[in-house]
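Given chain W, put chain C in place with the hints provided.
So the protein sequences, as listed, match chains W and C.
All residue numbers for the first sequence refer to our numbering, where the first residue is 23 and numbers rise by one.
All residue numbers for the second sequence refer to our numbering, where the first residue is 23 and numbers rise by one.
Just so you know, nobody snuck in bad clues.
If several chains are the same, the list does not tell them apart, and a pair holds so long as it fits within one copy or across any two.
Here are the computed lysine to aspartate or glutamate pairs in the EDC-like style, where the Cα-Cα straight-line distance is at most 20 Å:
(1) Lys-234 - Glu-259
(2) Lys-234 - Glu-182
(3) Lys-234 - Asp-302
(4) Lys-442 - Glu-57
Calculated directly from the structure, the hints in this document are not laboratory data.
2 protein chains.
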Amino acid sequence: MDLVAHLRTALPLEAILTDPAVTASYANDMASFCEAGAPAAVVLPRTVEQVQHVMRTATALRVPVVPQGARTGLSGGANAVDGCVVLSLVKMDRVLEIDPVERIAVVEPGVVNADLSRAVAEQGLYYPPDPSSWEQCTIGGNIGTASGGLCCVKYGVTAEYVLGLDVVLADGRLLRCGRRTAKGVAGYDLTRLFVGSEGSLGIVVRAVLALKPAPPQQLALAAEFPSVAAACEAVCEIMARGHAPALLELMDSTSVRAVNSMANMGLPESTAALLLVAFDTPEPARDLAAVGELARAAGATEVVPADTPAESELLLRARRMTLPALERLRPATMIDDVCVPRGKLAAMMEGTAAIADKHGLVIGVCAHAGDGNTHPVVCFDPADEDEARRARESFDEIMALGLELGGTITGEHGVGVLKKQWLERELGPVGTEIQQAVKAVFDPLGLLNPGKVLDTRGA
Amino acid sequence: MDLVAHLRTALPLEAILTDPAVTASYANDMASFCEAGAPAAVVLPRTVEQVQHVMRTATALRVPVVPQGARTGLSGGANAVDGCVVLSLVKMDRVLEIDPVERIAVVEPGVVNADLSRAVAEQGLYYPPDPSSWEQCTIGGNIGTASGGLCCVKYGVTAEYVLGLDVVLADGRLLRCGRRTAKGVAGYDLTRLFVGSEGSLGIVVRAVLALKPAPPQQLALAAEFPSVAAACEAVCEIMARGHAPALLELMDSTSVRAVNSMANMGLPESTAALLLVAFDTPEPARDLAAVGELARAAGATEVVPADTPAESELLLRARRMTLPALERLRPATMIDDVCVPRGKLAAMMEGTAAIADKHGLVIGVCAHAGDGNTHPVVCFDPADEDEARRARESFDEIMALGLELGGTITGEHGVGVLKKQWLERELGPVGTEIQQAVKAVFDPLGLLNPGKVLDTRGA
Chain W
23 MDLVAHLRTA LPLEAILTDP AVTASYANDM ASFCEAGAPA AVVLPRTVEQ
73 VQHVMRTATA LRVPVVPQGA RTGLSGGANA VDGCVVLSLV KMDRVLEIDP
123 VERIAVVEPG VVNADLSRAV AEQGLYYPPD PSSWEQCTIG GNIGTASGGL
173 CCVKYGVTAE YVLGLDVVLA DGRLLRCGRR TAKGVAGYDL TRLFVGSEGS
223 LGIVVRAVLA LKPAPPQQLA LAAEFPSVAA ACEAVCEIMA RGHAPALLEL
273 MDSTSVRAVN SMANMGLPES TAALLLVAFD TPEPARDLAA VGELARAAGA
323 TEVVPADTPA ESELLLRARR MTLPALERLR PATMIDDVCV PRGKLAAMME
373 GTAAIADKHG LVIGVCAHAG DGNTHPVVCF DPADEDEARR ARESFDEIMA
423 LGLELGGTIT GEHGVGVLKK QWLERELGPV GTEIQQAVKA VFDPLGLLNP
473 GKVLDTRGA
Chain C
23 MDLVAHLRTA LPLEAILTDP AVTASYANDM ASFCEAGAPA AVVLPRTVEQ
73 VQHVMRTATA LRVPVVPQGA RTGLSGGANA VDGCVVLSLV KMDRVLEIDP
123 VERIAVVEPG VVNADLSRAV AEQGLYYPPD PSSWEQCTIG GNIGTASGGL
173 CCVKYGVTAE YVLGLDVVLA DGRLLRCGRR TAKGVAGYDL TRLFVGSEGS
223 LGIVVRAVLA LKPAPPQQLA LAAEFPSVAA ACEAVCEIMA RGHAPALLEL
273 MDSTSVRAVN SMANMGLPES TAALLLVAFD TPEPARDLAA VGELARAAGA
323 TEVVPADTPA ESELLLRARR MTLPALERLR PATMIDDVCV PRGKLAAMME
373 GTAAIADKHG LVIGVCAHAG DGNTHPVVCF DPADEDEARR ARESFDEIMA
423 LGLELGGTIT GEHGVGVLKK QWLERELGPV GTEIQQAVKA VFDPLGLLNP
473 GKVLDTRGA
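One chain only, chain W, in its complex shape (with noise of 0.2 Å):
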């Protein structure tokens, strides 16, 4: 029998995509630079037990299988490989549980970011993490890259929201980890192991996820620095004196001056960074004035608080039109994801300025800046051979002095394809022996989203 005639055993029809044409449309997330193979099949289960029959059917028969979310992923982690099963999880989407007293939300994978978000919020409940992509991104993808976003600063990472999972192991059977409880510490921490896994360890099928109470409205405030220097001079004054913003963003002038050519925002094009704070603390404007203070000890020309909710967003327009912005300008971007200690973000933004210099290249910075996580964003002509060249050798050497100042190569977008060789590098050679002899015990036939994060053992 064949994979699909296999695969209809226990599937309906319309779960299963075989069209070629269809079948291609599933083939990449939103990575430059990531090869893509041809899937087989694409399958969409809703429940458990499709999922537990695609990955009996897959070992059986010997065929890969890729999970995909939502395919907003940045790091060619969703992209297909030649031949495999595309597991999509997007169907499985239902919020099972919402619990304010036990503070949990029971979630299928395929639950899109910002539906759960406003779903809780619904009880006065917040479930932090917020991806740029959250409109579409899955929780299932978010906790297969644990995703970061705007306001990791005060709240942390995805991982930090997984209190148990239910996975689908790769020879099918079903294994519950972690807990409901808001404690918990019986045997190894295998919920934590699957958070960050990339699908490579084992398919997410149900999650308890920790939510916090709303907390207020958030106020935000702007401060223009005339160096990049001065603006993480105040970053690092900021978190020593003990501040918790709930966001602290910074914009180097490439994203400054591409945010005004496309939205005419007005920002001084003589900004060399622009600081963004925000706090949703129970008083926000005494914590923005004592962070303003700071600011101008550090050299900011100008501080601009917002006096409403309304203000700040419009502060924080900004920020979220950087990336569509540096979009505009060249064909394509590659957006990095290096993490350093807060104390070198200086050194990594200079850094990175002058290895834009170096090849000729257009390299636009956002970092959240309160977690040293900077996103330089190369700007480039696929078309254009040399560019694209000098675009992948940028962005490798971006990662380079990432880790040469104590940082890592992926803050919160994951490994991937696009940064393998990197990790490996990042894990020394017991690191990387270690992680492929974790991966040989949930996935000894290399099924599992093979070839993303790490390359596997040879038998």
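Relative to chain W, chain C alone:
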């Protein structure tokens, strides 16, 4: 060459203890009912290289190794096995770095929790995890059991503060995992796998810990309830209304009477449950007032808010004295650690009281109520064979009840030897098999803390 001669090739004489009278004193942690063997030697290394030498030696000679901190654990996780090397990390006790900008501390495993807490406080920082043994217990031990404490309801357990680890593997190789940046998702999260693994996967020799800004001093409130159910209703209301107490503790009548009898604190003997709440928010008095109202609405007969931190400390003294007070009731105690969903706390506490009645035993319960984490303290006389048997039975029935209510057998104390059979029951066959396979990756020869957490899979 025998074990000790082998160890001496790279360890100074004074770092190796072999006198049986001395090594016997390292055989146990603080758990009751847990078997312990006779160590062949106790080794007290001061450097990472010495730890590597111990593990290389152990692997070469196939000698089991039991890592130890301060041996304040309550599950037998640090108990020796016959012929083992006890690897005590207490001499590796340096705080290597405290960085207010990065909000991290880098420490060796033997640092005492309270010493670290005081050192970071001097720089305006806060290391939240506060097990009740904090003046003795070590950070390495805390990492081994993913320890909790009173502050978890707001700040979480040790696991949430471990960013990166250096670990000596079973074969002596050094593995560096995790990061020192605020974020990072490069590869599988091995750091979290080691946290809570009770020394059964590797020897932690260095940790990068996350710190928080020091919060304002806390202010507490005590509320007396005519029933456990009413107190638990107050707990649920407090959490459902979005409050963020830094402490939310519950004492049952047995605990209250024991404390009264030890310290004559004047707590009314009629109190069925005493609830203690504290806030370290900017306006604790306002938060306490709101919580006081909720307590009254749930049936509190008396609500006593503190006006000063000193008064707060007085209120919290009863809670801190609970364990010593209960220990006076009978010659020995066994402390359970069942964590249930908050909504099941009343059922858990009432069920525990019924178990005590059934067995004719004194069981006092104090609970980290905000987390649903109960500590039933079974008081008994080990010399009375029948009472000891009933104590053990009640201990098991309490865990069975916890699982039945959707909870876990251990919220913060770990599995050790005490709860090993119960762990399999909680994890189920698939979970147990996967955890055994993970263990085999790190410890293929079964030398690391054998017989703890899980039974190793047959070779």
